[in-house]
Amino acid sequence: MSNCTVKDFYCTVCPSECPLTVTLDETGSVVSVAGNSCPRGERFGRQEATCPMRVLASTVRLEGAHTGEPLIPVRTREAIPLSLQAQAMDAIRKARVTAPVKMGDIVLANVCDTGVDVVASCSAR
Amino acid sequence: MNEITYDVVVIGGGPAGMAAALKAADAGASTAIVERNAQLGGILRQCIHPGFGLTYFKEELTGPEYAQRFIDRVEDSPIKVYLGSMVLSIHHDDESGTSDVVFMSETGMVTLTAHAVVLAMGCRERTRSEIKIPGSRPAGVFTAGLAQRYINIENLKPGSRFVILGSGDIGLIMARRLALEGFEVEGVYELMPYANGLHRNVKNCLEDFGIPLHLSTTVTRVIGKNRVEAVEVSQVDEQLHPIEGTQHTIPCDALLLSVGLIPENEVSAAAGVKLNPRTRGAVVDESLETTVPGIFSCGNVLHVHDLADNVTREAERAGAAAAAYAAGTLAATSESVPINAGGIASYVVPARLTRGEAAKLFFRVRRPVTRAHVRITVDGATALEGKPRSFIPSIMESFPLPAKLAAAAKESIEISVIEEDDDHE
Chain A
1 MSNCTVKDFY CTVCPSECPL TVTLDETGSV VSVAGNSCPR GERFGRQEAT CPMRVLASTV
61 RLEGAHTGEP LIPVRTREAI PLSLQAQAMD AIRKARVTAP VKMGDIVLAN VCDTGVDVVA
121 SCSAR
Chain B
1001 MNEITYDVVV IGGGPAGMAA ALKAADAGAS TAIVERNAQL GGILRQCIHP GFGLTYFKEE
1061 LTGPEYAQRF IDRVEDSPIK VYLGSMVLSI HHDDESGTSD VVFMSETGMV TLTAHAVVLA
1121 MGCRERTRSE IKIPGSRPAG VFTAGLAQRY INIENLKPGS RFVILGSGDI GLIMARRLAL
1181 EGFEVEGVYE LMPYANGLHR NVKNCLEDFG IPLHLSTTVT RVIGKNRVEA VEVSQVDEQL
1241 HPIEGTQHTI PCDALLLSVG LIPENEVSAA AGVKLNPRTR GAVVDESLET TVPGIFSCGN
1301 VLHVHDLADN VTREAERAGA AAAAYAAGTL AATSESVPIN AGGIASYVVP ARLTRGEAAK
1361 LFFRVRRPVT RAHVRITVDG ATALEGKPRS FIPSIMESFP LPAKLAAAAK ESIEISVIEE
1421 DDDHE
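Going down the list, the protein sequences come from chains A and B. According to my numbering, numbering within the first sequence proceeds without interruption in unit steps and concludes at 125. According to my numbering, numbering within the second sequence proceeds without interruption in unit steps and concludes at 1425.
Pulled out of the complex, with its shape left as it was, chain A reads as follows (with noise of 0.2 Å):
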């Protein structure tokens, strides 16, 4: 057991925010999660443990909106790796779109090479 290493963080799953405790052996692989009250709980300790992974929400150039808003407001479709936020977020940066647009049209395709598209939080016509 000396070679264990354990994390302690709170679960972003749902508002109870149990706090979870995640034992990882040499090899860094988790041993056990404890705390969490749900299978949600169990899942989201073994993977933010090991490889964390987050939703990226940001904004977009929009162009052509009648509103003359500038910007719309886009997120990653699923959690990418925490790892790759920066990198996503440049990717994201030179991104364009014209309206109109409906929430969940693609922004940006497959991001990072994660499989994962960046799509539109609101619609604007």
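No lab work stands behind these hints, which were simulated from the structure alone. Certain hints may be false.
Unchecked claim - In silico negatives: residues of chain B with every beta carbon more than 12 Å from chain A:
| hint | residue |
| --- | --- |
| 1 | H1049 |
| 2 | G1051 |
| 3 | H1091 |
| 4 | M1104 |
| 5 | P1338 |
| 6 | K1360 |
As the list claims (entries may be wrong) - Mimicking SDA-like on lysine to any residue, the simulated pairs with C-alpha atoms at most 20 Å apart in a straight line are:
| hint | chain 1 | residue 1 | chain 2 | residue 2 |
| --- | --- | --- | --- | --- |
| 7 | B | K1203 | A | V60 |
| 8 | B | K1203 | A | K94 |
| 9 | B | K1203 | A | T50 |
| 10 | B | K1203 | A | P15 |
| 11 | B | K1058 | A | S16 |
| 12 | B | K1157 | A | V60 |
| 13 | A | K94 | B | K1058 |
| 14 | A | K94 | B | K1387 |
| 15 | B | K1203 | A | D113 |
| 16 | B | K1387 | A | T21 |
| 17 | B | K1203 | A | A79 |
| 18 | B | K1203 | A | R46 |
The structure displayed is predicted, hence computed values, not measured ones. Positions of the beta carbon are idealized from the N, C-alpha and C atoms, including for glycine.
Once you have looked at the hints, place chain B on chain A.
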């Protein structure tokens, strides 16, 4: 001046207003929303981060997505939406039982006559003048929500090197947003000895980016002539007073304030709605009706929520009650029984019962405690006690007041949170 009559007029087109209006319209009430912005959605339009909808939609949405779902529903409903329309006054007429809602729009002044009104105006941020930070008055001091609007809606850059005062959720979320956009965030400073935001935000917004959180520390001076050049921070003692000798100067060109929210109730107060000095929201009963008959309140204008999902649920109750009031089917009121907060509970909503009906009591604690329990007292006698657990101020709590107790209460109801010793059985 135009005059139009509706069963229910909802003031505010954010998450609370849209949910209230949709419920009222569902119940068959002719319904209008009056919104001062050019679009529906309220503050959610600039809250581009995820974390919304976890309980209401059982999936994680961003603020604009959460809003868009309700905007789409409103657009598919018979609800009349007045945009770019600022409500100036509400006048309740005791004789007719209706209320006149007067608003200003591009086409001039309009009066809507309402059988019931739902207040859903949300809240605004506390500013520098409310927390009285000494020093000069240069440009570069913003509330966190204003900086959020600049960056997420208007495509403006409010600064390059930021200090954030206050660990409320908006401050934490802005720390991440600034970091993602490549700005420097020197740190987040918090007066209290604990973080004020949700754990998920401390984790995902600060820890992910290595942004330090300095507890029991506050900004004691703003330095700079035309533009912020630096701020002075100091540690504080247990009484929250700055400790002499601990101050140091941090070069920065912007200071963001995330130091609390205030329900926006000027119009409500002028209409005669009684406010709770603690929440600065309306005193409401179990139907979310204020002290003025037929005027209901919900969402952040009633009390500041931490989750939009809870705002939606509360607003749906207010919308349904307003529709029932307009239709004459809401139960008649009887003697009012006050509901008070005790122990370390700082407030309770609703603050009174007027129909003797079951209610969910919402409250917050004043400070974090590791072990405490809820006690409901009816007419001075303990009626119900909850299981011991931990409580923190950043999470709004609720506890059910069962129908039997609500009906039995004659004089008063108290909900208290009683702290227990860790060793105590």
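- Item | Violations among the numbered hints | Failing hints, ascending: 1, 2, 7, 8, 13, 14, 15, 16.
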